[in-house]
Structure formats: structure tokens, C-alpha cells
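There are 2 protein chains.
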Amino acid sequence: MGSVFEEMAGLDRLIHEPSRLAILTALSTCQRADFVFLQRITGLTGGNLSSQISKLADAGLVSVEKKIIAKRSNTLVQITPRGQEAIEQHWQQLEQLRKSAQEWKPKS
Amino acid sequence: MGSVFEEMAGLDRLIHEPSRLAILTALSTCQRADFVFLQRITGLTGGNLSSQISKLADAGLVSVEKKIIAKRSNTLVQITPRGQEAIEQHWQQLEQLRKSAQEWKPKS
DNA sequence: TAAATAGATTTGCAGTGCAAACTATTATTC
DNA sequence: GAATAATAGTTTGCACTGCAAATCTATTTA
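Protein sequence lines, in the order shown, are assigned to chains A and B.
Going by my numbering, the first sequence runs without a break in its numbering and finishes at 611.
Going by my numbering, the second sequence runs without a break in its numbering and finishes at 611.
What the hints contain is simulated information worked out from the structure, not anything from laboratory work.
Any given hint might turn out to be false.
Identical chains blur together in the list; that is why a pair holds if it fits in one copy or across any two.
30 Å max Cα-Cα, derived DSS-like pairs, lysine-lysine [said to hold, decoys possible]: (1) Lys558 <-> Lys608; (2) Lys570 <-> Lys558; (3) Lys569 <-> Lys608; (4) Lys570 <-> Lys608; (5) Lys602 <-> Lys570; (6) Lys569 <-> Lys558.
Predicted, not measured: the structure shown is a model, and the values here were computed from it.
Could you build the full structure based on these sequences and the hints that come with them?
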């Protein structure tokens, strides 16, 4: 019980979902980025980006800070330690799963 | 335009979704497997597995063959050449995206 | 023959992604 | 200086999706 594929099927969708995977991965190299910048590099629509950030924030993977800069509202998104940990772990898990899958043989 | 993260956000959900990623990856090493075996190794419920297989079959990534073996119905699922190509490509793409993301720097 | 088991599909619904619509503020044009 | 457009972001609405419960068919057991 608990095969590679069982683990694969159970991957955390909150992180695995493409748009959030992109946001978190970007932030893991950036550490912080503002809303507009994230929108530019991910190509997501504003509405979509906004709701994905909310979900990540609800889960404590990113933190959000709103300011006014040059008379413009400015939303800064930062990855939290938990978020950093989670995204790094997710990529490692994917690599590990892929490797295990390649080595896998039936009837184990 | 067309940054790493844009590509990441655009990953093909049909393949990327955890349960289907598990099914396709398993089949890519097995080549063929029957319904019950797939259910065992992925840990998916029968209903879930059935609908995921249908989606993969609709997309031409797997083919399904139904027989009666030892007076029991038996559903054999095979990965198609297109499916094999797609899953291999997906894993390569993930690896490539991760690498590119690590090397990535703003203002490119 | 009634009940249980096996193999698989269909149904129902909660949850999700996402674009359109909306709000609020600042800048520009006439 | 009113109207219009642009900027920054959120909310709404809905089509889609994953998934377990319910269902169906065929076989085996009591």
C-alpha cells in the first residue's frame, strides 16, 4: 500500500494547480513581487490573479501588503516561510515521484 | 513576453491534474493495465478512476478494451502513442520549467 | 432463489478556475 | 471643470471538474 502513484494522485492541488504553481514558483525566486508585476510575468488576468492570491494567502503561503505608492494603490505579495518550504518541497516531491515511477515495477 | 511562468500557468490541466498524472505515468511504464490494477496502485475510487479514464480516452491518450475473462468483465487500458508522447513531454516540460525558473531573473 | 461479491458506469453536487462586470482612484482631454 | 480614459484591484456568475454515493450488470455463494 501507498505506492508512488497513490502519492502522485494525492498531490496537493492548492500548490499543484498551474496558475498557483507559477505564482509560488515566481515568488520563491523573487521573494516579493507586486500585483502588476506578477500579472505581467504569469500572463494571468487581474481577476484570476486576485483570487489565486487570496487562496494562497488564506492558506498562509503568501502574505499581502497594500500601500499607496506615487498616488497609486500597490499590492505587494510576499512568500511566507511556510510558502517557501511548501513550494520547494512540492518540486522535490515531483522530481522524486518521477524518479520512483521510472524505477517502479508491478507486483511490489 | 512568454515568460517561464506564463508557460507554467498554462500547463495542460488534462495531464497535469494529479489523478490523471498518476494514471498516465503508471501506464507509461506499464504500457497496459487493467481497471482493477490501476485502481489498486492509484488508490482512486472506482467511480473516479472510471471518469478519469473516460477523459483520457476522449482525448486519445489512452485506449480502452473490454473483454470477459474467466466469466468476469475486464477493462484493459492502454496508453496510446500520443499519450506516451504527451506524458513524457509533460514531465520534461516540468523539469525544464523548474530549471528555467531557478535561473530566472526579473527584467528580462 | 436470495443475498453477496465483483467490475464498472452514471449521477449529483460541492468546489474551482476564470473572465466579465464592477469599484475606486488618478490622469487626461475637450 | 466635466467627461473620458486609464490604472489597480475585487467581486460576481457560471461553466466545468473531481469525486463519492448510488446504480447497474453479471457472477458466485448460502
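Hint-by-hint comparison with the structure:
no.	hint	verdict
1	Lys558 <-> Lys608	between (38 Å within a copy, 26 Å between copies)
2	Lys570 <-> Lys558	within (20 Å within a copy, 45 Å between copies)
3	Lys569 <-> Lys608	between (52 Å within a copy, 24 Å between copies)
4	Lys570 <-> Lys608	between (55 Å within a copy, 25 Å between copies)
5	Lys602 <-> Lys570	neither (44 Å within a copy, 33 Å between copies)
6	Lys569 <-> Lys558	within (17 Å within a copy, 42 Å between copies)
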